[in-house]
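Peer 1: Here our numbering = 1-based position in the sequence shown + 2.
These are calculated hints, taken from the structure and not from any lab test.
A few of these clues could be false.
[To be verified] Keeping only pairs whose Cα atoms sit at most 20 Å apart, straight-line, the calculated SDA-like set for lysine to any residue is:
id, residue 1, residue 2
1, Lys149, Ala128
2, Lys276, Thr287
3, Lys276, Gly227
4, Lys276, Lys344
5, Lys253, Ala435
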Amino acid sequence: ENKMSLESSFAEITKKLNSHNEWLLIGASGKSFPLQRGEIEFTFEREKIIFGFLNDAGFQIWRVADCQIEPEKITLDLTRNFDRELEKIRLVPRISASELSEAVELARLEKANQIARLIVAETRGAKLLRVSLNEENGRFAQITFEKSDKKQIAVLADVADAATPESLLTTAIVWLTKLENRKKPIETVWILAEKKLYKNVRKLHTLLRDGWKSKIYVKEISRPGAKRQREEILEIPPITFRNLWREKPPKISLTENTNLSQTATEIIKLAPEKIDVIFTKHGETVRFFGLPFARVRRIADVEKAWFGIERERRILNKSSRAEFFDLLENLEIYRRFDSPNKRHALFRLAPEAWLESLLRRNIKLLDGNLILSPIHNQFRYANDTIDLLALRRDGRLIVIELKVAPDREMIFQAVDYWRKIELQRRSGNLARAKIFGDLEISNEPTLVFLAAPTLSFHRDFEFLAKTVSPEIEIYKFGLNESWRENLKVMKVSKVEK
3 ENKMSLESSF AEITKKLNSH NEWLLIGASG KSFPLQRGEI EFTFEREKII
53 FGFLNDAGFQ IWRVADCQIE PEKITLDLTR NFDRELEKIR LVPRISASEL
103 SEAVELARLE KANQIARLIV AETRGAKLLR VSLNEENGRF AQITFEKSDK
153 KQIAVLADVA DAATPESLLT TAIVWLTKLE NRKKPIETVW ILAEKKLYKN
203 VRKLHTLLRD GWKSKIYVKE ISRPGAKRQR EEILEIPPIT FRNLWREKPP
253 KISLTENTNL SQTATEIIKL APEKIDVIFT KHGETVRFFG LPFARVRRIA
303 DVEKAWFGIE RERRILNKSS RAEFFDLLEN LEIYRRFDSP NKRHALFRLA
353 PEAWLESLLR RNIKLLDGNL ILSPIHNQFR YANDTIDLLA LRRDGRLIVI
403 ELKVAPDREM IFQAVDYWRK IELQRRSGNL ARAKIFGDLE ISNEPTLVFL
453 AAPTLSFHRD FEFLAKTVSP EIEIYKFGLN ESWRENLKVM KVSKVEK
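Hey, can you work out the whole structure from these sequences and the hints?
Peer 2: Now the structure itself:
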C-alpha cells in the first residue's frame, strides 16, 4: 500500500515539475534559489524517492520523507545522513522575470505619480513636465516640473522602500550633473524622503560642499496623522555644519564579556593564522579569513556552539563533530588565495570581511603609524559595526572604510561613518570608553582612510569625493589586486577637493 502511494506521489511530483521550466527552491531559512527544470533530479530507487538539486554548495542529494502537492507549490520533507539531517523545502513555479518586474514597475510608477501629484498640489503654479523611474535600477522616481517663474526643478524620491541616505544623495548628485549639461539646464534637485530616511539624508547633506548644498534641497514628505489631515511637503532650513554636533550621540556599546570561551579557544588552535573571533552582544562569532563559520554562547554557564555558513547552522556536539571538521577542511581548501575553485561559495562569500580580517591582524600593512583599538573586536556604534577604527601615533583618530568591488556609494558611506565617529569624539564619549586604553585621542578632526584594490575604486570616485565638504580630510589607499596572497599598499594619495 505504502509502496503504491510512494509511486503515485513520485508520478504526481514529476508531472507537476514538468509543468514549469523555472522553479524557485525555498529552504526552511527562507533563502531561495532559482532552478531550471533540468537542474532538479527526481528518481525512484529501491522504493525511495530521491531528490537531487544544484545549489551554492554543489549537487545535493536527499531522500523525500513526505510531500504535499498544491496548485501553487510542492512542499517536501527531506532527510539524509540516516535521518540525522532534516530539511523542509518548498518548490514554487517562478513567475517569469518579465511578468514580475512589470508588476513591480507599475507599482513604483504609480507611487512616482502620487508624489508628482503632491508636488503640483503643494507648489503654486507648478506645471508637471515628466515622471519616470531612473534608468539604472527603476528604484527612484525622477520628476521634473516648472515653477510659475519658468524655472525647472528636478525631484528625486525613493519608490522601492530600499534607499539608503548614501544611495539617494549619490543618485541626486550624478543626476544633477547630467541635468546641468542639457541644452536647457536644470540646476536644482529636490530630494523628497519620509521620516527616518529624511532625517539621515539631511545630516549627510550637511557634509556636502557649499556649492552642492545650494543646488540640492532635502524635503520631507509627511504622511497624514494626528497633526496633519493630508500629505504635505515640509521644508526646514538645512542643518549647519556647526549644529551637527548638537545631537546627543547614541551610547557606545562595548560587549561585556571579552574572555575567550573554551570552545572558541579550541577552534582557534586549529588554524591560528586564519581564525579570529568577534565579540557580539550574544557571544562570540568565529571567522575563517573573515567568514563567520561558528558561533559560541554561554547559556546558564554552559557553552553552546553552532557551526555552518550563513543560515545553515547546526549545533556542535559529539554526533556533528565529523561534519564540523569537514566544514573546516573545506574552508582550508577553498578559502585561500590559490583556491582550486574561485567560484566556490567558500571563496566568494564575505570578501570585504576577508580584507578586514587581514588588516585586523596587522593594521601596519596599511600604515606603519597606526594602532588598532585593543577592543576593536567588541566596539559597536549604535547598531552599526565599524569597519576599522585606528589611532595614528600623533593621536589622530582614523576611520577606515574598505571595499573590494567598485561601489559608487563608498565615499558617502565613509563620510557618514566619519560624522558618527566625530560626534562621539567631540562629545568625549570615545575618550571615556577608553577604546585605545590609556592612549590619548588628539583634539583634532577624525581622518578618513579609504582602502580598496586599485582597480576597485568606482569610476565616479574622484568626482564624488570633490562634492564633500573640505572640512573632511580623506586619503585613498590603492591596494594590490593579489591582496589575499600578500597585501601591499601600491599608492596613497590625499583626495584633493
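Peer 1: Would you mind marking each hint as holding or not holding in the structure?
Peer 2: Structure-based check of all given hints:
As the CA atoms of Lys149 and Ala128 are separated by approximately 5 Å, the hinted pair is consistent with the 20 Å bound. Among the hinted pairs, Lys276 with Thr287 is consistent with the structure: their alpha-carbon atoms are about 14 Å apart, no more than 20 Å. For the proposed pair Lys276 and Gly227, the alpha carbon gap of about 54 Å is over 20 Å, so the pair is violated. About 18 Å separates the Cα atoms of Lys276 and Lys344, which keeps this hinted pair within 20 Å; it holds.
Proximity of Lys253 to Ala435 is assessed by CA-CA distance (about 10 Å); at most 20 Å being required, the pair is judged to hold.
Consistency note: the structure conflicts with earlier hint 3 alone.
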